[in-house]
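Visitor: Just so you know, the protein sequences line up as chains P and C, in that order. When we follow our numbering, the leftmost residue of the first sequence carries the number 1, and every step to the right adds one. When we follow our numbering, the leftmost residue of the second sequence carries the number 1, and every step to the right adds one.
If you're looking for bench data, these hints aren't it; they were derived computationally from the structure. Hints are not guaranteed to be accurate.
[As the list claims (entries may be wrong)] Straight line, CA to CA, 16 Å or less: simulated EDC-like cross-link-like pairs of lysine to aspartate or glutamate:
#1 278(C) to 177(P)
#2 278(C) to 294(P)
#3 224(C) to 165(C)
#4 22(C) to 294(P)
#5 214(C) to 177(P)
#6 141(P) to 177(P)
#7 227(C) to 239(C)
#8 61(C) to 213(C)
[Said to hold, decoys possible] Footprint (simulated), chain P over chain C, 3 or more residues, beta carbon under 8 Å:
#9 30 to 37
#10 54 to 65
#11 78 to 89
#12 172 to 182
Note that beta-carbon positions come from the ideal geometry of N, C-alpha and C, so glycine has one too.
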Amino acid sequence: MPLTQTLEEQAAFEIEEFLEAEQKKDLLRFSTAGSVDDGKSTMIGRLLYDSRNVYEDHVRSVTRTTGGGTASSSIDFALLTDGLRAEREQGITIDVAYRFFSTARRKFIIADTPGHEQYTRNMATGASTADLAIILVDARKGILTQSRRHAYIAALLGIPRVVAAINKMDLVDYSEEIFRQLSSDFATLAARVGLRSVEAIPISALEGDNVVHRSKRMPWYTGPSLLEHLENVELASTRADAPFRMPVQRVIRPDQNFRGFAGQIAAGTIHPGDRIVALPSGRTSRVASIVTFDGNLDSASAPVSITITLNDELDISRGDLIAAIDSPPAVANHFEASVVWLHAQPLALNRRYLLKHASHIVPARVRSVQHRIDMETLDPMPATTLDLNGIGIIEVETDRPILADLYEQSRATGSFILIDPASNATVGAGMIRQVLAKAVSHDQMPRIVLAGLELAAQLEQRLLDLEYPVVRTRVQDHGVWRALHEAGVVTLVEVEGPAQVVSRELVPEPATDASVDALLAALGIDQPKERA
Amino acid sequence: MASAALAEAPAQTQTAPLSHLKQLEAESIHIFREVASEFEKPVMLYSIGKDSSVMLRLAQKAFYPGPIPFPLMHVDTGFKFREMLEFRDSYTRELGLDLRVWRNEAAIADGANPIKLGTQRCCGLLKTQALLDGLRHYGFDAAFGGARRDEEKSRAKERIYSFRDRAGQWDPKAQRPELWNVYNSRIGPGESIRVFPLSNWTELDIWHYIHLEKIPIVPLYFAKERKMLVRGDSLIPLEQPFVKGLPGEEQMVRCRLRSLGCSPCTGAIRSDADTLPKIIAELVSFRSSERANRVIDHDQDGSMEIKKREGYF
Numbered sequence: 001m002p003l004t005q006t007l008e009e010q011a012a013f014e015i016e017e018f019l020e021a022e023q024k025k026d027l028l029r030f031s032t033a034g035s036v037d038d039g040k041s042t043m044i045g046r047l048l049y050d051s052r053n054v055y056e057d058h059v060r061s062v063t064r065t066t067g068g069g070t071a072s073s074s075i076d077f078a079l080l081t082d083g084l085r086a087e088r089e090q091g092i093t094i095d096v097a098y099r100f101f102s103t104a105r106r107k108f109i110i111a112d113t114p115g116h117e118q119y120t121r122n123m124a125t126g127a128s129t130a131d132l133a134i135i136l137v138d139a140r141k142g143i144l145t146q147s148r149r150h151a152y153i154a155a156l157l158g159i160p161r162v163v164a165a166i167n168k169m170d171l172v173d174y175s176e177e178i179f180r181q182l183s184s185d186f187a188t189l190a191a192r193v194g195l196r197s198v199e200a201i202p203i204s205a206l207e208g209d210n211v212v213h214r215s216k217r218m219p220w221y222t223g224p225s226l227l228e229h230l231e232n233v234e235l236a237s238t239r240a241d242a243p244f245r246m247p248v249q250r251v252i253r254p255d256q257n258f259r260g261f262a263g264q265i266a267a268g269t270i271h272p273g274d275r276i277v278a279l280p281s282g283r284t285s286r287v288a289s290i291v292t293f294d295g296n297l298d299s300a301s302a303p304v305s306i307t308i309t310l311n312d313e314l315d316i317s318r319g320d321l322i323a324a325i326d327s328p329p330a331v332a333n334h335f336e337a338s339v340v341w342l343h344a345q346p347l348a349l350n351r352r353y354l355l356k357h358a359s360h361i362v363p364a365r366v367r368s369v370q371h372r373i374d375m376e377t378l379d380p381m382p383a384t385t386l387d388l389n390g391i392g393i394i395e396v397e398t399d400r401p402i403l404a405d406l407y408e409q410s411r412a413t414g415s416f417i418l419i420d421p422a423s424n425a426t427v428g429a430g431m432i433r434q435v436l437a438k439a440v441s442h443d444q445m446p447r448i449v450l451a452g453l454e455l456a457a458q459l460e461q462r463l464l465d466l467e468y469p470v471v472r473t474r475v476q477d478h479g480v481w482r483a484l485h486e487a488g489v490v491t492l493v494e495v496e497g498p499a500q501v502v503s504r505e506l507v508p509e510p511a512t513d514a515s516v517d518a519l520l521a522a523l524g525i526d527q528p529k530e531r532a
Numbered sequence: 001m002a003s004a005a006l007a008e009a010p011a012q013t014q015t016a017p018l019s020h021l022k023q024l025e026a027e028s029i030h031i032f033r034e035v036a037s038e039f040e041k042p043v044m045l046y047s048i049g050k051d052s053s054v055m056l057r058l059a060q061k062a063f064y065p066g067p068i069p070f071p072l073m074h075v076d077t078g079f080k081f082r083e084m085l086e087f088r089d090s091y092t093r094e095l096g097l098d099l100r101v102w103r104n105e106a107a108i109a110d111g112a113n114p115i116k117l118g119t120q121r122c123c124g125l126l127k128t129q130a131l132l133d134g135l136r137h138y139g140f141d142a143a144f145g146g147a148r149r150d151e152e153k154s155r156a157k158e159r160i161y162s163f164r165d166r167a168g169q170w171d172p173k174a175q176r177p178e179l180w181n182v183y184n185s186r187i188g189p190g191e192s193i194r195v196f197p198l199s200n201w202t203e204l205d206i207w208h209y210i211h212l213e214k215i216p217i218v219p220l221y222f223a224k225e226r227k228m229l230v231r232g233d234s235l236i237p238l239e240q241p242f243v244k245g246l247p248g249e250e251q252m253v254r255c256r257l258r259s260l261g262c263s264p265c266t267g268a269i270r271s272d273a274d275t276l277p278k279i280i281a282e283l284v285s286f287r288s289s290e291r292a293n294r295v296i297d298h299d300q301d302g303s304m305e306i307k308k309r310e311g312y313f
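Sequences are here, hints too, so could you generate the full structure?
Guide: Structure follows, in C-alpha cells:
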C-alpha cells in the first residue's frame with residue numbers, strides 16, 4: 001500500500017480526501033522484458049519495495065526463503081516478484097505475470113515478461129496491452145540481441161512509449177561515458193525498429209539508484225528517476241479523438257420497446273444525434289441514446305462500455321461494427337498482417353484457421369508468408385512458414401469479410417488472433433498492415449449447389465460443422481446467386497432431381513459424384529484431415 | 001463537440017483520460033458480454049464476499065436494461081457464516097436472480113471438517129470437489145470467478161479466460177496466450193473456461209468501488225463486538241460446535257472479517273472500522289495482505305498453486 005502511517009497519523013487520516021485523490025488517478029499499463037541476468041525481477045522488486053507497495057508478510061516470506069544474506073540486504077528483491085513453483089525451481093520467469101502498485105499520482109499495472117527468445121510470444125502478450133515498455137540493458141554488456149528483440153516487439157505491438165533502463169550502473173562505476181554511449185546506441189536501435197518516444201535512464205536496481213529515488217552517485221544525470229518518469233509520462237490519449245468504432249458484442253432486448261447494441265468503444269467518441277454506419281450492411285442511422293446502468297450519457301469515449309440505441313430499426317447483430325459515418329473501416333476479406341506465431345505446430349498455408357477479430361469469428365486461411373524476421377539481426381528472411389515464436393508478414397484471406405482497420409491506427413480493431421479449430425489453441429496473433437484487393441473465393445468458383453432437400457440438409461450440416469456461412473434458398477435467380485457468391489456464403493438451392501454444381505458462368509451442371517464429400521470437394525472446400 | 005447541451009438530463013459527460021476505476025469497469029463489462037455471448041451455459045460463481053458483490057454489480061451494468069442472462073452458483077461447504085447465508089438469500093431474492101446452491105452432501109454427512117481432516121483435505125472435498133460436481137451437474141461451460149491477480153503469486157499469472165480440462169484442472173504451462181482483449185472461447189466437449197473479470201482490480205479498487213457505488217456487502221465486514229476464540233494473535237469465530245476454546249479463550253472482541261471464507265478457517269482482525277471509509281483507511285495502513293488471515297493458503301509453500309491445479313478457483 002502506498003502510505004505508511006503511524007497510529008496517530010492514521011487517526012488524523014482524511015479518508016474522504018484520500019478517496020477523492022484516488023478517484024482522480026489514471027492508469028498506466030507497462031510491460032517489462034528481461035531475463036534472469038538483467039536484474040529485471042530485482043528492478044521490479046525494488047520499484048515495489050521502495051515505493052512502499054509491498055506487504056510485510058510478503059517481505060517476511062521472501063526473507064525466510066533466502067535465509068538472509070544476499071549482497072546488500074537480507075531481502076531478495078527478485079523473489080518478491082517470482083511466481084510459479086516450476087519457475088522458482090528452474091530459477092527463470094516463464095509466463096507473463098501481472099503486478100499492481102500505485103503512487104500518489106497514478107495506478108500501475110506491470111506485465112512482467114521473460115526475455116529469452118523462446119518466450120517471444122509471452123513478450124508479445126505482455127506488450128499487447130501496454131502503454132509503455134521498459135527495456136533493460138546491462139551497462140556492462142551494452143545492446144545485445146535480446147535488447148534488439150525487445151525493442152522490435154515493442155514497436156511491432158505498437159507500444160507508444162519506451163524506457164531504456166540502463167541497469168547495473170554500480171558495476172561500471174556509475175560511468176557517465178558508458179551511459180551516454182549506450183543511450184546513443186539505443187536511440188539508433190529505436191530509429192531502426194520504428195520506436196518514436198524513447199527515454200534512457202541510468203539505474204542500479206540492486207542498489208536502488210534512480211529506481212524510485214534519484215541517485216546521489218550519478219550527479220551528471222539530471223533527469224527523472226524511473227518511477228518519476230512513470231508517474232509523469234503523458235498517456236497517449238489518441239483513442240478519444242480517433243474516428244468512432246464500436247464492435248457490437250451483444251444485442252440487448254429486454255422487451256419489444258428496447259433494442260440496444262452493447263459494446264466497448266474501441267476508438268473515438270459518440271454523442272446522441274451522431275450519424276453512424278452499421279457494418280458490414282452499410283445501413284446508416286443516428287444515435288438515439290447512450291444507455292448505461294448509471295443513466296444516459298451525453299457523450300462517451302473509448303474505452304467505455306456502453307449500449308447504443310438508434311433512431312432506425314437496423315438489423316445489427318454480434319460481430320457487426322458501428323462506426324463514424326465519415327471514416328468507416330474497410331470491409332475486407334484479404335489483407336496483409338504481421339503475425340507472431342504462438343504455437344509449437346508451425347503455420348500451415350491454406351489450412352483452415354478461425355480468425356477472431358473484435359467480436360467476430362470467421363474461417364480464414366493464410367495464403368502466403370512474405371517473409372519472417374530473423375530475431376538476431378532483425379532482417380527479413382525468405383520463409384514459407386513460421387515456427388513457434390516466429391514473427392513474419394503474411395497474407396490472409398477470410399471466408400467472410402471483417403471490418404478491418406490498420407493496427408497502427410487502431411489497436412483494438414486492427415488486431416486479431418488465429419485459432420486452430422482442431423485443437424482450439426490460440427496459434428497466432430496478427431496485426432493488420434494493409435488491406436488488399438478483395439479476394440473472390442480463391443478458385444474463382446461460385447460455391448452454389450442445387451440439391452434435393454435431404455442432400456441439401458446433409459450438406460448444410462457438414463458446412464455448419466466446418467463453420468462455413470451457408471444459405472439455403474429456392475430462388476434460382478442469377479442476380480441473387482451472384483450477390484450470395486460475392487457475400488462469401490455457400491448457397492444451397494433446393495430443387496427436385498439430381499444434384500448440380502453451378503459453374504463459373506453461373507450455369508448449373510450435373511454433378512459427377514453426388515456424395516457429400518465429393519460435392520464439398522467440387523466446391524473447393526477443404527475438410528480437415530483430423531476429422532474423425 | 002457538445003451535443004445540444006441537454007441541460008435537463010442527469011446525463012454525465014465523460015472525457016479522457018478515464019479514471020482507473022472507470023477503465024477497470026469498462027474492461028470487466030466487456031468480459032461479461034463476451035462470455036455471455038460466446039458460451040452456451042455460463043454461470044457466476046457467487047461466494048457472497050465483497051468481490052462477488054462487485055462482480056454482481058458489473059454484471060448488472062453489462063446487461064442493463066436487460067436482466068443478467070446467467071444463473072449464480074454458490075458452493076456451500078456447510079461452514080459458511082450464518083450472516084453470509086442470510087445476505088445471500090435476501091440479496092439475490094431482491095435482485096430476482098437465479099441462484100443455485102451446491103453442497104457436497106456426502107462429505108458433509110460424513111462429518112467432514114478441518115479439524116478432523118486437516119484444511120487441505122477439507123477444502124478438497126467441500127470446495128473443490130463440490131465446485132467441480134456442481135459445474136458438471138448443470139453442464140456449465142464457463143464460470144465467472146472473482147479472483148484477482150493481486151491476491152497471490154500464482155494468481156498473478158492467471159489469464160482472464162483460464163482454460164480447464166475435462167477434469168476441471170488447471171495446467172499453468174498449457175494456458176492460452178491472451179493478447180489485447182481478444183479472448184479465445186473455443187472449447188471441446190467437457191472442457192470449460194474459468195473467467196476472471198476482476199483480474200486487474202486490486203483490493204483497494206474493490207473497496208473503493210463498493211463505496212462509490214454503494215454496493216451492499218455482508219455485515220461481517222464491519223467491526224462490532226463479537227464473541228471470539230482468542231488464541232495468540234488469532235481471533236477465531238465461534239460459529240461451529242467443534243471450535244471450542246480453552247478456559248478464558250472465549251472473549252467479546254471488537255473485530256471484523258477482512259475476507260469471508262468458512263468460519264473455522266477465517267480469522268477476524270481487531271478493528272474499529274464500522275464504515276466503508278474506515279475500512280479503506282484501515283486497509284491503506286495495513287502492512288499485510290488480505291489472505292494472510294486464511295489458514296488454508298499457508299499450509300505449504302505454493303499451496304494456492306497446488307489447489308488451483310486441482311480445480312480450485
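Visitor: Can you give the numbers of the hints that this structure goes against, from lowest to highest?
Guide: 1, 2, 3, 5, 11
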